[in-house]
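Colleague: Listed here are the chains, written in short residue letters.
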Amino acid sequence: MTGENGIFRNTEMNNNQRGGFEMRIKDMYGLLCVVALLFCLCANPSANAAPAKEDVLKVENNWVNAFNNMDLKLMSSLYWHSIKTQLYSPNVFSDASSSFPAVLSNGWESIEAVFKEYCKQPKGTFTWSLRDTQVTMLTDKVAQVIGYHELVKKPADGSESSSVSLRFTHLVQKIEGKWLLVHSHETKLQPARQPMGSPGGELPGGAAGPAGAAGPAATSAPAGVAGPNSPAEAGTDRKMNQ
Amino acid sequence: MKSHATLLFSLVLVLCVSAAPSVMAASAEEEVLQVEKNWCKAFKNVDMELMSSLYWNSPKTTEYTPNESYDGWEAIETNIKKYFGLGKGVFDWTYFDTQVVMLTDNVAIISGYHNLFEKPPGGNPYALILRFTLVVQKIDGKWLIMHNNETRVETGPGREAPTPAS
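Taken in sequence, the protein lines are chains C and D.
Residue numbering for the first sequence follows the working numbering, starting at 26 and increasing by one per position.
Residue numbering for the second sequence follows the working numbering, starting at 86 and increasing by one per position.
If you are wondering where the hints come from, they were derived from the structure by calculation, not from laboratory data.
Treat the hints with care, since some could be wrong.
Stated by the list, open to error - Computed cross-link-like contacts, PhoX-like style, restricted to lysine-lysine with a CA-CA straight-line distance of at most 20 Å:
#1 C:K83 x C:K203
#2 D:K122 x D:K223
#3 D:K129 x C:K78
#4 C:K166 x D:K122
#5 C:K98 x C:K51
#6 D:K166 x C:K166
#7 C:K199 x D:K166
#8 D:K166 x D:K129
Stated by the list, open to error - Listed next, the stretches of chain C that the computed footprint assigns to chain D, with coverage defined by at least 3 CB atoms under 8 Å from CB atoms of chain D:
#9 133-146
#10 150-164
#11 181-191
#12 202-210
The beta-carbon is built from N, C-alpha and C at its ideal position, and this holds for glycine as well.
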């Protein structure tokens, strides 16, 4: 009996040892799972950064598509429909016949009205494309997109084509799971640059020098300022031969 | 009596907590606007130290001036130093129609107009209006400029140009 008991005890001990060993394996497995989970959680932001950038870039590409196809529905889906949304856009073609003026649009409704005006042009008149686009993720829900819009105008009457470069700052924000434009600022680039200090030359800090492209008259006494719904931004268009 | 006091205290507490976000938002907007105020001040006083403290000193910081683009704080700093080299009292920057939009607690947009007046020694004074967008972010508890876009505004018929700050 003793022997049996001893064997029994040994068996019991072995069972306990086996149980302990299994528990250790289980613990190890559990620990491994936790480590793997932590690793996944830590790696997640960087793993998400690339797709987020792509999503943001998609907004920019769609913005260009909406302009090229005069697609109001698409354009509407890209903007935050809020009174806080802002668009500052210069008069891209400074000729008097230009039918879409430069504006400071405050709120989606105002932006929509500008786009509707643009859509009155015959389709194919304007071709927009992107250049040197940079996406900066400021947070996981706010991104900044900067770069250039190249715009070519082919008038429907077959007259000379012209092109202009626009430099833009777009702010996009993920609102209710969707990346939306909350701020747009477009700058029409001057075709030629002169060194600092020369008439029309660049000055550091954001200004153009005295007697710049706007001319001495503008520098001596500005008659006004492009406020809401008024033409803005000086410039000469590059002319292209068809 | 005690329970009434507790109830009243709870109500006041709830009211305070409810009111807190808007109070904080106003304060954050003021903090953000201070960046713009200091930017103009730094230019006016040719204060490179102040200017440097306003920008995120990073290669990722970008600035668009009417005809140039600057990538990184070093390029921006070099450009500003050239400007400051022209001396104190030559340039006067003021701002108007400024709007602050808080995108998150840590990211904001400041937009508006800059009014630049220059009095070059021996030359004719001139003025320029610039439209600007400043993107600012709170990093390590401080609001810093991440991006600046300045666009020269064509003058023309419209409202009168604002009077420069004396």
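Colleague: Which numbered hints are broken by the structure, listed smallest first?
Modeller: Going through the list in order, the structure violates hints 3, 4, 5, 6, 7, 9 and 11 and respects the others.
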